[in-house]
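Q: If you're matching them up, the sequences are chains L and V in order.
Going by the working numbering, the first residue of the first sequence is number 1, and it counts up by one from there.
Going by the working numbering, the first residue of the second sequence is number 1, and it counts up by one from there.
Be careful, since some hints might not be right.
Covered by chain V, according to a simulated footprint, are these stretches of chain L (three or more residues, beta-carbon under 8 Å) [what the hints assert, rightly or not]:
| no. | region |
| --- | --- |
| 1 | 10 to 24 |
| 2 | 34 to 43 |
| 3 | 185 to 193 |
| 4 | 202 to 211 |
Straight-line distance between alpha carbons at most 30 Å, and here's what the computed BS3-like set of lysine-lysine pairs gives [said to hold, decoys possible]:
| no. | chain 1 | residue 1 | chain 2 | residue 2 |
| --- | --- | --- | --- | --- |
| 5 | V | Lys120 | L | Lys55 |
| 6 | V | Lys179 | L | Lys55 |
| 7 | V | Lys120 | L | Lys230 |
| 8 | L | Lys43 | V | Lys307 |
| 9 | V | Lys179 | L | Lys169 |
| 10 | L | Lys169 | L | Lys327 |
Quick caveat, the hints were computed from the structure, so don't treat them as lab data.
The C-beta atom is built at its ideal place from N, Cα and C for all residues, glycine as well.
For reference, the chains in residue letters:
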Amino acid sequence: MATQILMPALSPTMTEGKLAKWLKAVGDDVKAGDVIAEIETDKATMEVEAVDEGKISQILVPEGTEGVAVNTPIAVLSMNGEAFSPAPVATPAPVAAAVLAALPAPVLAPVVAPVVAPVLAAVEDKDWGPTKPTTVREALRDAMALEMRRDGDVFLLGEEVAQYQGAYKISQGLLDEFGAKRVIDTPITEHGFAGMAVGAALNGLKPIVEFMTFNFAMQAMDHIINSAAKTLYMSGGQMGCPIVFRGPNGAASRVGAQHSQCYASWYAHVPGLKVVSPWSSADAKGLLRAAIRDPNPVIFLENEMLYGQTFDCPVDDDFILPIGKAKVERAGTHVTIVAFSVMVGVALEAAKVLSEQGIEAEVINLRSLRPLDTATIVESVKKTNRVVMVEEGWPFAGIGAEVAMQVIEHAFDWLDAPPVRVHGLDVPLPYAANLEKLALPQPGWVVDAVQKIV
Amino acid sequence: MAQAAETRKRGKAREPSVNQPDLMGAYRTMLLIRRFEEKAGQLYGMGLIGGFCHLYIGQEAVVTGMQMAAGEGDQVITSYRDHGHMLAAGMEARGVMAELTGRSGGYSRGKGGSMHMFSKEKNFFGGHGIVGAQVSLGNGLAFSNMYRGNDRVSFTYFGEGASNQGQVYESFNLAALLKLPTVFIIENNRYGMGTSVERSSGSHDLSKNGAPWGIPGLKVNGMDVLAVREAAETAVAHCRAGKGPYLLEVETYRYRGHSMSDPARYRTREEVQAMRSQHDCIESARHRLEALGVEETAFKAIDDEVKGIVQDAADFAQTSPEPDEAELWTDVLVED
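Build out the structure end to end from the sequences listed, making use of the hints.
A: Right under this line is the structure:
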């Protein structure tokens with residue numbers, strides 16, 4: 001039995017190479033692992049090892065030949081001690097075409113690509129009945145407690161979440177109710193504990209990971225993106241990752257550049273993640289419950305400045321909000337202002353000032369950043385014909401840029417003015433009180449932006 | 001758990017000395033991995049496998065010996081050099097090979113590739129492409145065992161190159177602190193890509209790398225499947241007894257380059273040939289079996305069976321259709 005030795009592909013990008021040197025001659029015995037030739041690829045000179053045992057009966061491509069296509073027969077090996085005779089082998093045709101034909105055709109354009117996401121009709125908010133004044137801090141705590149009572153697979157881990165009762169007191173009382181097995185203090189080791197939590201989620205548990213702030217989550221970024229967001233896809237749907245990463249995001253007050261960054265657009269960029277950013281207590285409670293129940297990894301971006309603020313929050317034990325649904329916080333007809341998290345408050349303040357000037361702004365609280373509720377935004381813009389996007393983070397490739405693009409794609413013909421962005425200044429956040437104030441969006445900035453386009 | 005208790009009992013009852021059926025089984029697994037990897041190398045050379053492809057040839061005794069000590073439900077997680085681990089965990093050669101060729105019959109329906117395969121059914125958790133990431137994740141598997149109160153153990157494999165990653169030490173600390181049932185297995189094949197362990201590690205005895213956290217460690221001859229099994233039994237018994245993590249440094253050698261495109265200029269051919277001819281794990285298992293009286297016909301039968309499985313896998317991997325284009329958009333999120 002004779003077998004052909006083919007020109008091997010020796011790198012992910014190699015399609016042809018130079019057969020630099022033969023290290024075996026016709027008549028030589030070879031065994032598996034013997035180096036038979038040297039080949040220059042696009043990257044390096046590689047040694048070709050024999051895979052089978054036998055005797056070289058023919059060399060088809062002489063050394064020094066350039067541009068030998070992958071899969072071209074380069075030699076013939078006689079096997080199983082058969083008598084040595086130069087086997088008649090068909091002269092290889094110019095092989096490049098044949099090899100390419102054997103390879104799967106490249107997908108040039110995705111056939112079913114929803115490049116422009118379908119815009120569904122906006123859904124009305126359900127009325128949840130009686131409310132009571134609740135701080136965002138209490139709402140977050142209540143959401144975790146309710147879900148932990150409901151599902152024994154839910155647990156909380158992070159720095160200072162148990163005995164200290166939470167660095168920002170979000171987890172107050174949880175250790176007492178659920179014990180050290182389910183409320184777990186970790187060492188300061190974000191990469192290690194985030195990865196551990198993702199591993200537990202891959203095996204079916206439902207961790208809530210508290211980052212003391214999202215600034216520290218950069219240490220854990222690899223596990224959030226590569227391990228949590230991508231595993232479902234890479235496993236062909238076998239292995240999901242039901243996990244919540246939560247904690248304060250964005251600027252607090254005078255804590256300097258390394259502790260004051262908004263990560264909304266970072267996470268919203270990634271397929272495989274859901275990204276939520278609540279403003280009110282109802283948002284916090286309803287969305288955190290939904291995030292914990294969601295079978296996917298959810299990034300839950302809170303804001304320290306909101307923790308102590310009080311809002312009316314439904315008392316119904318079943319209260320929950322859908323991820324992916326924005327809320328119109330204030331109805332208006334002249335301009336749409338889109339905001340999330342702490343900037344919803346800034347937008348509402350601006351709306352009040354504008355109202356005194358006879359301009360009625362519609363204020364949309366996004367609540368979710370991925371999936372984005374494009375329907376609610378577009379419906380509003382079709383009514384107001386103007387849009388201002390407010391975010392605390394940096395402008396470049398930010399959420400505001402994405403919202404503007406969505407409006408352009410879905411409501412361009414309704415626009416009477418270009419979309420306008422209000423955003424944090426494009427600098428690391430300064431410490432000095434006056435400079436910090438100058439760097440973060442104020443209600444006056446929003447008023448100015450609206451006045452320019454109305 | 002009754003089932004777990006039984007597993008423990010079985011573990012204790014096992015003879016530490018050579019047991020012919022066990023060794024024969026190990027020989028078969030190692031041979032299957034070797035032949036599978038040789039075939040993968042061939043298919044790569046033919047352009048049927050793309051991208052990165054990291055072969056396990058030479059290291060077969062490590063995962064095979066470890067799995068001899070594994071019980072029902074124990075989890076396995078490793079790096080991107082993962083084909084051997086999947087076969088040893090009982091995953092089908094067909095599904096693994098078809099994933100390598102990017103076909104719909106692959107374990108990830110062609111969406112993962114060589115480095116990203118999983119099997120919930122066989123408790124194989126990947127297949128991870130970021131060096132060291134699987135160590136933190138392996139701790140998470142162990143954590144879930146502890147949380148659920150079962151006595152399953154997480155087998156967490158990584159190379160000596162990965163052992164320098166910061167998250168490995170974070171994981172040692174967490175595992176020791178929380179007493180996680182993780183067996184950390186350092187597969188020391190001497191080279192992290194082209195950098196020898198002498199040039200990458202300030203630690204001269206990797207089995208002691210867990211010592212600051214009180215993690216017991218053993219240095220093991222990874223070219224001897226029975227030595228690996230024995231060490232694995234010690235480690236697994238420790239973890240199952242609730243005593244926390246255990247570290248094994250298994251000294252092994254990869255015969256091939258780091259990946260298919262590695263010209264391997266950083267070591268001599270003599271070094272590779274010496275390992276192959278004098279320390280090969282499959283050859284040494286065969287000699288042991290011969291000494292136990294196993295006849296040539298028995299080896300031939302295994303040879304033929306393994307060749308058949310691998311050929312069938314290769315055929316399947318070339319005939320299984322490419323994934324449907326609609327697959328592009330599935331499995332991004334679990335839909336409610």
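Q: Are the hints correct? Go through all of them and say.
A: Here's how the hints hold up against the structure:
no., hint, in the structure
1, 10 to 24, "holds (count 4)"
2, 34 to 43, "holds (count 3)"
3, 185 to 193, "holds (count 6)"
4, 202 to 211, "holds (count 4)"
5, V:Lys120 - L:Lys55, "violated, 45 Å"
6, V:Lys179 - L:Lys55, "violated, 57 Å"
7, V:Lys120 - L:Lys230, "holds, 16 Å"
8, L:Lys43 - V:Lys307, "violated, 33 Å"
9, V:Lys179 - L:Lys169, "holds, 28 Å"
10, L:Lys169 - L:Lys327, "holds, 27 Å"
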